[in-house]
Amino acid sequence: MADPEIKSYAPHHESQSAAVTESRPAKAVLMIVTFAFLGIFLLLPLIVVFNEAFARGLSAYTEALTSPDTRSAIHLTLLVAAISVPLNIVFGISAAWAIAKFEFKGKAFLTTLIDLPFSVSPVISGLVYVLLFGAQGLFGAWLKAHGIVILFAVPGIVLATIFVTFPFVARELIPLMQEQGNGDEEAALSLGANGWQAFWYVTLPNVKWGLLYGVLLCNARAMGEFGAVSVVSGHIRGLTNTMPLHVEILYNEYNAAAAFAVASLLAGLALVTLVLKTLLEMRYGAEIAATRGH
Amino acid sequence: MKRFLFGVATAAGLFLASSQAWSADTLLNASYDVGRELFAQVNKAFIAGHPGVTIDQSHAGTSAQARAIAEGLGADVVTFNQVIDIDFLVSKGLISADWQKDFPDNASPFYSLPSFLVRAGNPKNIKGWNDLVRDDVQVIFPNPKTSGNARYTYLAATAYAKEAFKGDDAKVKEFVTKLFNNVPIFDSGGRAATTTFVQREIGDVLITFESETRGVRREYGEDKFEQVTPSVSLLAEFPVAIVDTVADEHGTRDLARTYLEFLYTPEGQDIAARNGLRARDASVAAKYKAEFPDVRLLKVEDVFGGWAKVQAEHFAAGGLLDQTYGSR
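So the sequences go chain by chain: E and H.
Residue numbers for the first sequence follow the numbering used here, so the first one is 1 and each next one is one higher.
Residue numbers for the second sequence follow the numbering used here, so the first one is 1 and each next one is one higher.
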């Protein structure tokens with residue numbers, strides 16, 4: 001079902017012929033520049049993080065990670081991701097479905113709107129919720145009257161996280177679904193499947209790799225978000241302090257080893273995401289290339 | 001898929017239902033950004049004497065804290081390191097205007113001062129404020145436009161100069177300008193300035209609260225740095241207050257008062273002194289005399305006529321700070 005057009009976006013070893021036009025020295029220079037750049041800006045900081053984390057020895061490292069404040073920060077971070085990622089999966093699939101499979105007025109506007117969190121500074125994303133739900137905000141008085149706490153509590157953190165992460169799944173799926181068109185679904189429907197079956201047995205399998213990509217990226221950002229969460233958190237130990245916020249506070253009070261220990265957990269998470277992504281590509285490379293159109 | 005949808009619905013339901021429950025046995029203390037260790041110890045000691053009580057802690061820059069409380073952060077008490085940030089809450093009607101009379105010593109159970117940290121052996125022989133304007137000395141402190149810590153440094157230097165030049169405003173301005181000219185980098189906060197001084201090894205002297213210099217030495221090596229206490233500096237209060245609206249809503253006023261009063265007890269004072277803050281209690285102060293050299297402390301009220309006036313004359317846009325800072 002993969003048409004040749006899509007195939008040309010496949011991993012680079014298949015299209016290596018394009019590089020032959022470059023001269024050898026130019027290729028070497030490009031390679032050196034790329035590796036030096038990656039080494040300085042990506043690898044070196046990573047090494048520094050782990051180096052600092054273990055600067056006071058292994059026992060200080062484990063002690064930092066098992067302290068009650070750190071443990072509750074880890075719990076909260078996982079909880080926030082566990083709520084916001086599934087919600088964004090539902091949202092991402094619905095939005096991509098609507099945009100890719102239907103024609104309606106304001107479609108371009110909706111697509112732009114989905115991109116908004118990418119273009120807005122996270123701090124602003126957080127402040128928006130303060131303006132909406134803060135005591136002096138738009139809904140502040142109503143919320144207070146009904147005893148609902150959103151800001152400076154878990155709901156506020158979840159909302160801010162959903163806001164900054166919601167483009168990830170949708171963005172991954174929209175071009176994919178658009179490229180695939182309605183053909184497969186129409187075939188399924190004409191063969192007697194109902195709408196739900198068409199979605200479950202045709203659409204979802206077609207987009208599963210794109211979806212997985214989106215989920216991985218969404219999850220990484222949900223756990224690592226700092227700016228927006230910092231604004232709405234209230235920074236209460238054991239209640240509303242996420243891992244990135246905990247790193248900052250430890251660092252600020254001259255506890256670098258503990259700060260970097262927690263940071264190394266976050267870095268480890270990023271590495272796991274990266275490894276998962278690479279494994280997926282290696283194991284299912286051809287299939288991903290076929291279903292993933294961009 | 002159905003199970004998945006059920007999971008999502010449950011999560012969403014939990015999320016909507018999770019509002020925080022307040023109880024009369026729980027206090028939220030909104031505090032300054034580097035006070036975590038101090039209040040971890042204070043709370044442990046307090047709870048030992050008041051079983052069943054829970055103290056939650058929130059730490060961030062106090063201007064951000066004050067803003068968060070105004071927007072609904074349910075802090076029963078504040079323990080800040082800036083008086084003006086409590087005044088902000090007074091202006092919002094959350095704290096009564098006479099809060100400084102609510103507790104002894106202007107509602108500041110302990111205090112500190114802008115003090116100096118120099119490199120081991122004090123190679124530039126820095127003893128006091130007048131050494132900071134020497135041509136061969138580089139001074140590190142953060143940007144007073146963004147850092148409360150640096151505002152104290154600015155005010156302390158100004159207070160010193162006012163006294164040294166007997167109120168000659170032109171000379172005071174010249175002194176402060178010279179001091180600013182000796183600062184190679186203005187970082188945005190105290191922590192960043194410390195990094196500049198300690199890790200990038202820029203500058204001969206770091207000016208920060210005396211209570212923080214010990215944290216720096218512990219983290220980066222006791223033998224690498226020396227504390228120098230100038231003979232005169234500015235009193236930096238660590239004000240505390242009950243947030244009236246919140247405490248009344250939570251029914252925690254009595255507990256909040258007991259908690260803040262605990263900071264004045266010998267036990268609370270001892271914990272503060274062990275964390276680098278100067279104690280008000282005479283017996284505790286005597287016990288830690290060796291760690292806190294004598295210093296004559298000027299007060300903002302006496303030198304500048306109070307924080308409101310400082311804000312208007314020095315820190316407001318176009319004020320004296322802008323004139324000095326802009327002339328760099």
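It should be emphasised that the hints constitute simulated quantities derived from the structure, not laboratory data.
Please note: incorrect hints may appear among the correct ones.
[Claimed, not checked] From chain H, some residues computed to sit far from chain E (all C-beta separations above 10 Å):
| id | residue |
| --- | --- |
| 1 | G74 |
| 2 | F186 |
| 3 | R191 |
| 4 | T194 |
| 5 | T258 |
| 6 | Y264 |
| 7 | E301 |
| 8 | H314 |
[Unchecked claim] Below, a sample of chain H positions facing chain E; criterion: calculated Cβ distance under 8 Å:
| id | residue |
| --- | --- |
| 9 | L28 |
| 10 | R36 |
| 11 | A60 |
Backbone N, C-alpha and C define an ideal beta-carbon position, used for all residues, glycine too.
Hints versus structure:
no. : hint : verdict
1   : G74  : violated, 7 Å
2   : F186 : holds, 18 Å
3   : R191 : violated, 5 Å
4   : T194 : violated, 8 Å
5   : T258 : holds, 21 Å
6   : Y264 : holds, 24 Å
7   : E301 : holds, 30 Å
8   : H314 : holds, 26 Å
9   : L28  : holds, 7 Å
10  : R36  : holds, 5 Å
11  : A60  : holds, 5 Å
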